[in-house]
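Participant: Just so you know, the sequences run in chain order C and G. Residue numbers for the first sequence follow my numbering, beginning at 12 and rising by one. Residue numbers for the second sequence follow my numbering, beginning at 40 and rising by one.
These aren't lab readings, by the way, just hints derived from the structure by calculation. There's no promise every hint is true.
Okay, derived cross-link-like pairs now, DMTMM-like style, lysine to aspartate or glutamate, Cα gap no bigger than 25 Å in a straight line [what the hints assert, rightly or not]:
#	chain 1	residue 1	chain 2	residue 2
1	C	K79	C	E26
2	G	K96	G	E117
3	C	K28	C	E12
4	C	K67	G	D137
5	C	K14	G	E95
6	C	K67	C	D77
7	C	K28	G	D125
8	C	K52	G	E67
9	G	K50	C	E26
10	G	K96	C	D41
11	G	K96	G	D125
12	C	K52	G	E122
13	C	K52	C	E26
14	C	K52	G	D46
15	G	K50	C	D49
16	C	K52	G	D102
17	C	K14	G	D137
18	C	K52	C	D77
19	C	K14	G	E83
20	C	K52	G	D63
21	C	K67	C	D93
22	C	K28	C	D93
23	G	K110	G	E122
24	G	K96	C	E12
25	G	K50	G	D125
26	G	K96	C	E16
27	C	K52	G	E83
Covered stretches of chain C (in silico footprint by chain G; criterion: 3 or more residues with CB under 8 Å from a CB of chain G, positions within the stretch not fixed) [to be verified]:
#	stretch
28	87 to 95
29	99 to 111
Using C-beta positions, here's what the derived DEER-type ranges look like [to be verified]:
#	chain 1	residue 1	chain 2	residue 2	range
30	G	T154	C	F21	44 to 52 Å
31	G	T41	C	S62	38 to 46 Å
32	C	N18	G	G42	29 to 37 Å
33	G	G111	C	L82	36 to 44 Å
Cβ coordinates follow ideal geometry from the N, Cα and C atoms, glycine included.
Here is what each chain is made of, one letter per residue.
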Amino acid sequence: ELKVEQNPLFLSMQEGKNYTIYCNYSTTSDRLYWYRQDPGKSLESLFVLLSNGAVKQEGRLMASLDTKARLSTLHITAAVHDLSATYFCAVDIGGNQFYFGTGTSLTVIP
Amino acid sequence: DTGVSQDPRHKITKRGQNVTFRCDPISEHNRLYWYRQTLGQGPEFLTYFQNEAQLEKSRLLSDRFSAERPKGSFSTLEIQRTEQGDSAMYLCASRPADRPWSEQYFGPGTRLTVT
Numbered sequence: 012e013l014k015v016e017q018n019p020l021f022l023s024m025q026e027g028k029n030y031t032i033y034c035n036y037s038t039t040s041d042r043l044y045w046y047r048q049d050p051g052k053s054l055e056s057l058f059v060l061l062s063n064g065a066v067k068q069e070g071r072l073m074a075s076l077d078t079k080a081r082l083s084t085l086h087i088t089a090a091v092h093d094l095s096a097t098y099f100c101a102v103d104i105g106g107n108q109f110y111f112g113t114g115t116s117l118t119v120i121p
Numbered sequence: 040d041t042g043v044s045q046d047p048r049h050k051i052t053k054r055g056q057n058v059t060f061r062c063d064p065i066s067e068h069n070r071l072y073w074y075r076q077t078l079g080q081g082p083e084f085l086t087y088f089q090n091e092a093q094l095e096k097s098r099l100l101s102d103r104f105s106a107e108r109p110k111g112s113f114s115t116l117e118i119q120r121t122e123q124g125d126s127a128m129y130l131c132a133s134r135p136a137d138r139p140w141s142e143q144y145f146g147p148g149t150r151l152t153v154t
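All chains, full assembly: derive it from the sequences and hints.
Facilitator: Next up, the structure:
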């Protein structure tokens, strides 16, 4: 069974600091997605990574994919309060379903 | 393009009752997915439709759960004889046929509480 693990599960960071969230998965895939979820809300797509070495950036967030290591990272640069949310990675196997990670709950404190 | 919509947004029911949820995907999307999310967890896959055909079902989808997409447009998810363990957020997502590698677009979800 495919496993998707994220770490850390909880992250409290100060505004202005940098940090990285890691997403490891247990089987071969070259499709990796990052989503954001605010409390009580649905999932908002952040990044779509479709090949080994893919890197995408949007604002203070940058995501990368290493398919050989089965690892994706979500890097946060100079965090601001508005980034507080839960972040999920998801792996697509065969186009039929997403396997989601456990999520990383991020709190940015002033 | 109004996005994926779900109805109702909230449902409170008593144990043993049946409930039905509706999902309207983005109009040009032929792929539709149902997920369940419990507090503090990531969404878990339940089932997947391509047009009206149900192509995959998770082991999580017990025989009390049934999903349909009769005309390849909206979908319904029915839970019979609800149990307290069914309390969760039920999420629907859709994806376009011509870009099967694209992200899944999620609806706002239906939060089910079984008392």
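Participant: Give me the numbers of the hints this structure contradicts, sorted from smallest to largest.
Facilitator: 1, 3, 7, 9, 16, 17, 18, 23, 28, 30 and 31
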